[in-house]
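Let the sequences and hints guide you as you build the complete structure.
The opening residue of the sequence shown carries number 1 in our numbering; numbering runs sequentially from there.
Quick caveat, the hints were computed from the structure, so don't treat them as lab data.
Just so it is clear, the structure is predicted and the values come from calculations on it, not from any experiment.
Among the hints, erroneous ones may be present.
Claimed, not checked - Restraint ranges, calculated between C-beta atoms of paired labels, are given here:
| # | residue 1 | residue 2 | range |
| --- | --- | --- | --- |
| 1 | 75 | 35 | 15 to 21 Å |
| 2 | 150 | 42 | 15 to 21 Å |
| 3 | 45 | 154 | 42 to 48 Å |
| 4 | 12 | 143 | 26 to 32 Å |
Note that CB positions come from ideal geometry on N, CA and C, so glycine has one too.
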Amino acid sequence: METPEGLRAILADPAGAVIGLDFDGTLSPIVPDPDAARIHPRGPELLARLGGRVRAVAVVTGRPAATAVEYGSLAEVPGVVVLGHYGLERWEAGTLTAPPVHPGLDRARAELPRLIEGVAGARFEDKERSVAVHTRGTAEPQATLEALRDPVAKLAAEVGLAVEPGKFVLELRPPGTDKGAALGAFLAERGARSVLFAGDDLGDLAAFAAVRASGLPGVTVFSGSAEASAEVAAQADIVVDGPEGVMDLLASIADAIER
Numbered sequence: 001m002e003t004p005e006g007l008r009a010i011l012a013d014p015a016g017a018v019i020g021l022d023f024d025g026t027l028s029p030i031v032p033d034p035d036a037a038r039i040h041p042r043g044p045e046l047l048a049r050l051g052g053r054v055r056a057v058a059v060v061t062g063r064p065a066a067t068a069v070e071y072g073s074l075a076e077v078p079g080v081v082v083l084g085h086y087g088l089e090r091w092e093a094g095t096l097t098a099p100p101v102h103p104g105l106d107r108a109r110a111e112l113p114r115l116i117e118g119v120a121g122a123r124f125e126d127k128e129r130s131v132a133v134h135t136r137g138t139a140e141p142q143a144t145l146e147a148l149r150d151p152v153a154k155l156a157a158e159v160g161l162a163v164e165p166g167k168f169v170l171e172l173r174p175p176g177t178d179k180g181a182a183l184g185a186f187l188a189e190r191g192a193r194s195v196l197f198a199g200d201d202l203g204d205l206a207a208f209a210a211v212r213a214s215g216l217p218g219v220t221v222f223s224g225s226a227e228a229s230a231e232v233a234a235q236a237d238i239v240v241d242g243p244e245g246v247m248d249l250l251a252s253i254a255d256a257i258e259r
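Written out as structure tokens, the structure reads:
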């Protein structure tokens, strides 16, 4: 396979490159219980190698930034910035910054669990600055997700939140926040000259779009099975086999830069 132009630009000028990475499904395998997710064992070392050689490594995630730092063992990884809650939170060099919590979350936190009462296997998740319903553990995850879509959207509209769909999840979060906006602002802040972003879910499409909209040499990477997530895979320049494939790609980039 021919090396994409964006990847060639990163290797030719690593000091100008931003490497952006989703967490779940990209740096960490997807697991039934999100609280059990942990970064791939090779992740911290590879991020440290890249962090010392590129403009920046940014983990862009829907998780709270502090959670991604903990689950990713990132506290001691130099050069890594974590943009949590789709960019609402930022962790850098041990310092966490964040705006006030959206006022509609209190009601959403109280009412969303009631919407899934009696739905065996459905799970409520409180992310502090967003809340979510997961249907992965139900007997029919997709059918259950579709059945919940309208009532969840109605609740979101009433409390002034937006609904972000994903793989067997509906997340309610403040409007106007997404990975694309977070990544685009970070590229401008750092004066990036090239960019890579790797993700695995529908929420990562906004970041893929930000790579294209930046006008920089860029490459988008889908982490997972093209058959399982055809919509996301179709938007990617490179498809790799989940977090293991992401690690192999990052290692090849680090090796090439070091050579």
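Hints the structure fails to honour:
2 and 4
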